[in-house]
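Protein sequence lines correspond, in order, to chains E and S. Residues in the first sequence are numbered from 1 upward in steps of one, following our numbering. Residues in the second sequence are numbered from 232 upward in steps of one, following our numbering.
Simulated from the structure, these hints should not be mistaken for laboratory data. In this text the structure is predicted, and so the values were computed from the model without any measurement. Keep in mind that the hints are not guaranteed to be accurate.
Lysine-lysine pairs mimicking DSBU-like chemistry, simulated, CA-CA at most 35 angstroms apart [claimed, not checked]:
{"hint": "1", "chain 1": "S", "residue 1": "Lys-324", "chain 2": "E", "residue 2": "Lys-132"}
{"hint": "2", "chain 1": "S", "residue 1": "Lys-233", "chain 2": "E", "residue 2": "Lys-128"}
{"hint": "3", "chain 1": "E", "residue 1": "Lys-225", "chain 2": "S", "residue 2": "Lys-233"}
{"hint": "4", "chain 1": "E", "residue 1": "Lys-227", "chain 2": "E", "residue 2": "Lys-36"}
{"hint": "5", "chain 1": "S", "residue 1": "Lys-233", "chain 2": "S", "residue 2": "Lys-322"}
{"hint": "6", "chain 1": "E", "residue 1": "Lys-225", "chain 2": "S", "residue 2": "Lys-327"}
{"hint": "7", "chain 1": "S", "residue 1": "Lys-233", "chain 2": "E", "residue 2": "Lys-227"}
{"hint": "8", "chain 1": "E", "residue 1": "Lys-202", "chain 2": "S", "residue 2": "Lys-233"}
{"hint": "9", "chain 1": "E", "residue 1": "Lys-176", "chain 2": "E", "residue 2": "Lys-132"}
{"hint": "10", "chain 1": "E", "residue 1": "Lys-128", "chain 2": "E", "residue 2": "Lys-36"}
{"hint": "11", "chain 1": "S", "residue 1": "Lys-322", "chain 2": "E", "residue 2": "Lys-225"}
{"hint": "12", "chain 1": "S", "residue 1": "Lys-324", "chain 2": "E", "residue 2": "Lys-128"}
{"hint": "13", "chain 1": "S", "residue 1": "Lys-327", "chain 2": "S", "residue 2": "Lys-233"}
{"hint": "14", "chain 1": "S", "residue 1": "Lys-322", "chain 2": "E", "residue 2": "Lys-202"}
{"hint": "15", "chain 1": "E", "residue 1": "Lys-214", "chain 2": "E", "residue 2": "Lys-36"}
{"hint": "16", "chain 1": "S", "residue 1": "Lys-324", "chain 2": "S", "residue 2": "Lys-233"}
{"hint": "17", "chain 1": "E", "residue 1": "Lys-214", "chain 2": "S", "residue 2": "Lys-324"}
{"hint": "18", "chain 1": "E", "residue 1": "Lys-128", "chain 2": "E", "residue 2": "Lys-59"}
{"hint": "19", "chain 1": "E", "residue 1": "Lys-202", "chain 2": "S", "residue 2": "Lys-327"}
{"hint": "20", "chain 1": "S", "residue 1": "Lys-324", "chain 2": "E", "residue 2": "Lys-59"}
{"hint": "21", "chain 1": "E", "residue 1": "Lys-59", "chain 2": "E", "residue 2": "Lys-176"}
{"hint": "22", "chain 1": "S", "residue 1": "Lys-327", "chain 2": "E", "residue 2": "Lys-176"}
{"hint": "23", "chain 1": "E", "residue 1": "Lys-225", "chain 2": "E", "residue 2": "Lys-36"}
{"hint": "24", "chain 1": "E", "residue 1": "Lys-227", "chain 2": "E", "residue 2": "Lys-128"}
{"hint": "25", "chain 1": "S", "residue 1": "Lys-322", "chain 2": "E", "residue 2": "Lys-227"}
{"hint": "26", "chain 1": "E", "residue 1": "Lys-227", "chain 2": "E", "residue 2": "Lys-132"}
{"hint": "27", "chain 1": "E", "residue 1": "Lys-59", "chain 2": "S", "residue 2": "Lys-327"}
{"hint": "28", "chain 1": "E", "residue 1": "Lys-176", "chain 2": "E", "residue 2": "Lys-128"}
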Amino acid sequence: MHIMEGFLPHPWWEIWFALSLPVVAYGIYRMNLIIKERRETLPLLAVSGAFIFVLSSLKMPSVTGSCSHPTGTGMGAILFGPWITSVLSMIVLIYQALFLAHGGLTTLGANTFSMGIAGPMVGYLVYKSSMKSGLNLYIAVFLAAMLADLATYLVTSLQLALAFPAATGGVLASFKAFLAIFAITQAPLAVVEGAVTALMFKYFIQLRGDVLVKLNVASAGVIQKLKEASL
Amino acid sequence: MKLELIVLAIIVIFVAAFAYISATGNHEWGGSDDQSEGVISDLTGGTYQPWFHSIWEPPSGEIESLLFALQAAIGSIIIGYFLGYYRAMAKMKAAKAADEPEGKPNARPAR
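With these hints in hand, go ahead and build the complete structure from the sequences.
Here it is, written out as C-alpha cells:
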C-alpha cells in the first residue's frame, strides 16, 4: 500500500521526487536503448510491466487482519534491472493515483522510490548474488522477488517515520510503529509473490530461454540444464 | 510439475491462514495504508491534515473495484498474449526442425 495523497509534508515530498526523478530519467534512457536495439526482448518487457500492473491491483488479506497488495517488481528487476523497472512502476503508480485515489501525485516521488527503486534494487542485488553463489535459479528468483516486495514496505515505513518522528523515541520509534503495520501485513504476501514469480520464470525458461541468456539473467548452460530438468 | 505443486501448496497455506483468522478473530480487513493514517494521527496528536487531496476519487466502492478489476484484466491480457505467442513460436520452431532431418536432433517441442 502506498503513501496516500497529501500525507507527506514539506520538505519530504520534494526530497523523494528529487531522488526518484533522475533514476526514472536514466531508466527511460535505458528503456529506449532496449526498444531500439533488442527488439526480441520487448514481449518480456511488456510482461514485466503487466505483471506489476496485475499484482499491484490485487489487495489481498493478510494474517494480520488487514489488507495490502504485492508489488510485482521483482520480475522486472531480474529481467531488465532496477532502472527500467523504476519506469514501469511509476506508470502503474500514476494510473493508481489518477484513477483509484490510491497513492497520490504529491507522494508519487516517495512511492516511486520505495516501489520502483529501492525494492527492485534489492531484488536485483539479491538475484545476482544468489546466482553467483550457485543457488538454484528458481530459489534465487523466489528470494529476489520476496525481498524486493518486503524492501519496498521497509522503505515506505522509513519514509513515513522520517516525516513523522515520534515525540518520544524519534524516528526509530515511529519507524517501528509503521513497520508493525506494513511489514507484518506484507510478509505473507511477499512469500506468495516470490513463489508466483519463480513459477513465471519456469515458463520463460521453457519458452524463451534464449532471450534470458541475452538479457544476462543466466548463462546458456544454466538455462539448458533447467530446461532438461523441467522441474 | 514439481514447481507448480510447491507454488500451489504455498497459496493453499496462505488461503488456509486467511480462512482460519477470519473465522476466529474479529478483524476489519482494512488497508494497511488506512491503518498508517491512524498511526500518523497518533504520532502528531491528531494535528496533521493532508495538505493535498486526490484530484479525482472513484465516486463509489463499486466503481473503485471496477477500476481495480480493469487494471488486473489489462495486465492479465498482456501476460497471456505474450506467453501464448511464445508458446506458439516454440511449437512452430520445433515442427520446422522435425521436418528437416538434418536439423538438430535434440530439438523437441516445448513440453
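(request) With a cut-off of 35 angstroms on the C-alpha distance, tell me whether Lys-322 of chain S and Lys-225 of chain E pass. (result) holds, 20 angstroms
(request) Compare the distance between the alpha carbons of Lys-128 of chain E and Lys-59 of chain E with 35 angstroms, and conclude whether the hinted pair is satisfied. (result) holds, 29 angstroms
(request) Starting from Lys-225 of chain E, check that the Cα of Lys-36 of chain E is at most 35 angstroms away, please. (result) Cα-Cα ~31 angstroms, so holds.
(message) Against the 35 angstroms threshold, does the CA-CA distance of Lys-233 of chain S and Lys-322 of chain S hold or violate the hint?
(response) holds, 23 angstroms
(message) Please verify whether Lys-322 of chain S and Lys-227 of chain E have alpha carbons no more than 35 angstroms apart.
(response) holds, 15 angstroms
(request) Mind checking the alpha carbons of Lys-202 of chain E and Lys-233 of chain S for me, to see if they're no more than 35 angstroms apart? (result) holds, 11 angstroms
(request) Given the hint that Lys-214 of chain E pairs with Lys-324 of chain S, test it: the Cα-Cα distance must not exceed 35 angstroms. (result) holds, 19 angstroms
(message) Hinted pair, alpha-carbon criterion (35 angstroms max): Lys-225 of chain E, Lys-327 of chain S. Please report holds or violated.
(response) holds, 23 angstroms
(message) Check whether the Cα positions of Lys-324 of chain S and Lys-128 of chain E lie no farther apart than 35 angstroms.
(response) Satisfied, since the Cα-Cα distance of roughly 31 angstroms is no more than 35 angstroms.
(request) Compare the distance between the alpha carbons of Lys-324 of chain S and Lys-132 of chain E with 35 angstroms, and conclude whether the hinted pair is satisfied. (result) holds, 32 angstroms
(request) Assess, step by step, whether the Cα of Lys-59 of chain E is no farther than 35 angstroms from the Cα of Lys-176 of chain E, and give holds or violated. (result) holds, 23 angstroms
(request) Given the hint that Lys-327 of chain S pairs with Lys-233 of chain S, test it: the Cα-Cα distance must not exceed 35 angstroms. (result) holds, 30 angstroms
Of the numbered hints stated above, those contradicted by the structure are hints 20, 22, 27, listed in ascending order.
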